[in-house]
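J.: Given next are the chains, with one letter for each unit.
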Amino acid sequence: MPFWTDRRRLLAGAAGLGASASLGACANGRIIGFDKVNKTLDIANQGEPLSLDPHKATGTWENNIIGNMLLGLTTEDAHAEPIPGMAERWETSEDGLTWTFFLRSARWSDGEPCDAHDFEFALKRILNPETLSEYAAILYPIKNAEAVNKGELPPDEVGVTAIDDLTFEIRLEHPAPYLPQLLKHYTAYPIPKHIYERHGNDWVKPENIAVNGPYTLRRWWSNYIVHLEKNPGFYDAANVVLEHLYFYPGNDVNASARKVMSGESGWSTLFPLSQTAELRRALPGYVRIAPWLVCGYFSFNMTRPPFDDKRVRQALSMAYDREFVVEQILREGSDAAYKFVPPGIAGYPATARYSWADLPMEERKREAERLLRAAGYGPNNPLRFAFSHRNTSDNPRVAVVVQSDWTSIAPWVTVELRGTEVQVHYANLRAKNFDVGDGGWVADYNDAKNYLYLLETRTGDQNYPGYSNPEYDRLMRESDFEPDAERRAQLMFEAEQMMLEDAPICMSTFGSSRNLVHPDLTGYEDNIEDQHRARWFGIRS
Amino acid sequence: MLALAVRRLIVAIPTLLAIIAAAFVLMRAAPGGPFTKERQMPPEIERRLEAKYGLDLPVGEQLTRYLGGLMRGDFGPSMTYKDKTVIEIIAEGAPTSAILGLSAMALALLVGGGLGVAAALRQNHVQDYAVMAIAIAGVCLPPLVIGPILQLWLGVEWGILPSQGLHRDEIGLIYLIMPVITLSLPLIAVISRLMRASMIETLRSNAIRTARAKGLPEAQVIWRHALPIAVLPVVSYVGPALAGVMAGSFVIETVFQLPGIGKQFVLAAQQRDYTLVMGVVLIYSFLIILLNLAADMLYRALNPRAREA
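Here the protein sequences come in this chain order: B and W. So for the first sequence, the numbering used here puts the first residue at 1; every next one is plus one. So for the second sequence, the numbering used here puts the first residue at 1001; every next one is plus one.
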């Protein structure tokens, strides 16, 4: 029966071919998450990138990838401190409004020079409203940036100029001593002008992209993997140790932790806090918990009763037991917050504090009841409202504590809990469709202003409580135009202290970054921005 | 048979249109939108984004536009992925989901079918009870439980099989073993029960009694005469079930961190990526229609009585 034999041979051949193909690629072997021989690192990143274009990215997990591909005028060292990047040095004019950057002579990964014109092009592109960048507002300290981004001026009016190939000038709206902090943010990265002109928005696809940073993009398989490969043309390539980086979107933190345990991942950028003790046992030396630029707070909707009354807001802020939440619910890696700007922010003494913060809880509760009675509430006029919270991670458990703390002020206080999906929750906050709502904030750059601007009147919808205090706005505006860093910090401190007494928000906690890191991965340093660029990584043998 | 297929495919067009319209309206009825986030973007940018994706138009007009795009084979740009189109995203995820689904179904038919027949042949014996116990366990323990357990034992504790992924951006076949087993367990459970019940019934039928009366060997009675009849309910079940598993499983793809469209679909719905959700819904409905038709045709081929209708 020749037919059968033929078919069998065919099948055997096909099977053999398939087997040899996959064996040839070694694809059936186990992955070593931190492979010291092949110098590769598999990273469980905390989310799926929605764009690798720095002008369209919005998430820290996107930053984790993009920041290994592109480099701004300044960049970060292993401690996330700003250091010279593409700019070797810079000068500031006396009024603090004009900054001149002197660039190093460097090349894109395709061999073309990466110079001041790429920076000028990139900053004009991100601020052009047609680019639809959601993060461009961070660059508003640049002259005319806001007007251009709002479509009031043409993109060419942005205050940036390539004076020559290696000299780049930035003019500002107001002095911004934190500019070196800001310029290491991905919104200020250059993009290859020559490639953009050829491919438009597809410049960022693996087949087109050129980078000026330590790693280039090999492949991006949606919701599965982003593969970066060392860029030999990077100016500091000689000091870059790891050859390949693989980023996985760890939407499921438990799976990410398992991946580290099985050795298939050498670094996870997140792990469930509830498993800290277990992970410490199973993975000695891996657990890294460090203070981070993140805070959790509740907004009172000040645009309507009962929270248009300062006494009600103050009473609830006082009666909330942050210490309990930190000790019993969030446990390790979080701190009770009695101020808005987290401790450790650069150039900010951060001594603002609720004036009642040191009173014992019993006394605070009594004072809260007194304030509520003074505001007209009591057995005959009960206080009822809803606490809206995100139904993700630990938020529902915190909400229960909030409810019990507030209802225990007096029997005539009733709090209803409303948990919703994150997106719906924020849409409600923005539309002022809530009584009290929880929320979190992660700073984009290491400066107190990145928190305090949230409560300025001009911030608009994102000023969730609808706080509008002319004195606060004036202090913040004045701090913008203050060239002296110390005076500026003092103005912001005064604003913060005033705001705390007004209590438009009830501060809850300061959080921390949680990473699982292979103990033999050197160059990983805990830092407040939770930023760890692979160019600093090395291998401890 | 061909005429039937053509007729069914023509009828499928209004069905698909109805599904598209319903999904389209439902998606937009959900609160929030693709651009509602923790951090607010400037209103000018939000307005332009909405204009770009046509979200500032009335829903009816949005639907007409979308259908117009579909006619030209354009599923539109993703609303959350800024650098990718819906077609690109589906093309990246669909092969993995399809391979997983087909392998799991093949495994389920072999194992489930075999177990079902084995149970039927020894009805009310230990063999039967054992099979049914497995089936009940398969139904009761969802992949959400089985997946991580397998992962922990086979992957982490004993280190026999890789626990997740596909070997970075290559494809390692060994990586598919655990997900395929996990995905097939509930299918094995259902198929073995269906097969058992149907086989028991068939074995009592006149046709089989006749076959036995003619003195045919038992193996021939079962494989040649009973099986083609007994397998009919399984065939009707497998059509839509196969569409279900091929369109991706959120749980499997999340637990094993695989690049499939099931995970993409759920995440897209959470993020209100209207176009991506529509794209996957469309593919899923098309698969259902196609595989139902295939199941019907197979049913007819196996069962002469169904041909006359």
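Derived by calculation from the structure, the hints in this document are not laboratory data. One thing to keep in mind: the hints can contain errors.
Stated by the list, open to error - Straight-line C-alpha distance at most 27 Å; calculated BS3-like pairs for lysine-lysine:
| no. | chain 1 | residue 1 | chain 2 | residue 2 |
| --- | --- | --- | --- | --- |
| 1 | W | 1214 | B | 193 |
| 2 | B | 205 | B | 193 |
| 3 | B | 56 | W | 1052 |
| 4 | B | 150 | B | 124 |
| 5 | B | 124 | W | 1052 |
| 6 | W | 1084 | B | 230 |
| 7 | B | 124 | W | 1214 |
| 8 | B | 150 | B | 310 |
| 9 | B | 143 | B | 205 |
| 10 | W | 1214 | B | 205 |
| 11 | B | 124 | B | 36 |
| 12 | W | 1084 | B | 150 |
| 13 | B | 150 | W | 1052 |
| 14 | B | 205 | W | 1084 |
| 15 | B | 56 | W | 1084 |
| 16 | B | 432 | W | 1084 |
| 17 | B | 39 | B | 56 |
To be verified - Label-pair ranges, simulated between beta-carbon atoms:
| no. | chain 1 | residue 1 | chain 2 | residue 2 | range |
| --- | --- | --- | --- | --- | --- |
| 18 | B | 400 | W | 1303 | 33 to 43 Å |
| 19 | W | 1149 | B | 400 | 43 to 53 Å |
| 20 | B | 289 | W | 1018 | 13 to 23 Å |
Being a predicted model, the structure only gives us computed values, none of them experimental. Glycine included, each C-beta is placed from N, C-alpha and C at the ideal position.
J.: Run every hint past the structure and note whether it holds.
T.: Evaluated hints:
With a C-alpha separation of about 84 Å, the suggested pairing of residue 1214 of chain W with residue 193 of chain B is violated against the 27 Å cut-off. Proximity of residue 205 of chain B to residue 193 of chain B is assessed by CA-CA distance (about 15 Å); at most 27 Å being required, the pair is judged to hold. Straight-line distance between C-alpha atoms of residue 56 of chain B and residue 1052 of chain W comes to about 15 Å, which keeps the hinted pair within the 27 Å bound. A threshold of 27 Å between alpha carbons decides the hint, and for residue 150 of chain B with residue 124 of chain B the separation of about 13 Å falls inside it, so the pair holds.
Our distance criterion of 27 Å between C-alpha atoms is met by residue 124 of chain B and residue 1052 of chain W, whose separation comes to about 20 Å. Note on residue 1084 of chain W and residue 230 of chain B: the hinted pairing holds, with a Cα-Cα distance of about 24 Å set against a maximum of 27 Å. Simply put, residue 124 of chain B and residue 1214 of chain W have alpha-carbon atoms about 89 Å apart, too far for the 27 Å limit, and the pair is violated. Annotation: proposed proximity of residue 150 of chain B to residue 310 of chain B is violated, straight-line Cα distance about 35 Å (limit 27 Å).
For the suggested pair residue 143 of chain B and residue 205 of chain B, the alpha carbons sit about 31 Å apart, so the restraint of at most 27 Å is broken. Restraint check for residue 1214 of chain W and residue 205 of chain B: not satisfied, since their Cα atoms lie roughly 70 Å apart, outside the 27 Å limit. The suggested pairing of residue 124 of chain B with residue 36 of chain B is violated, with an alpha-carbon distance near 42 Å, which exceeds 27 Å. For the hint linking residue 1084 of chain W to residue 150 of chain B, the alpha-carbon distance of about 26 Å falls within 27 Å, and the restraint holds.
For the hint pairing residue 150 of chain B with residue 1052 of chain W, the CA-to-CA distance comes to about 16 Å; that is within 27 Å, so the pair holds. Straight-line distance between C-alpha atoms of residue 205 of chain B and residue 1084 of chain W comes to about 9 Å, which keeps the hinted pair within the 27 Å bound. With a CA separation close to 12 Å, the supplied pair residue 56 of chain B and residue 1084 of chain W stays within the 27 Å bound. For the hint linking residue 432 of chain B to residue 1084 of chain W, the alpha-carbon distance of about 34 Å lies beyond 27 Å, and the restraint is violated.
Restraint check for residue 39 of chain B and residue 56 of chain B: the C-alpha separation of about 31 Å exceeds 27 Å, so the hint is violated. Roughly 59 Å separates the CB atoms of residue 400 of chain B and residue 1303 of chain W, a value that falls outside the hinted 33 to 43 Å. The beta-carbon spacing between residue 1149 of chain W and residue 400 of chain B, approximately 31 Å, falls outside the hinted interval of 43 to 53 Å. Hint check: residue 289 of chain B to residue 1018 of chain W, Cβ distance near 53 Å, so the stated range 13 to 23 Å is violated.
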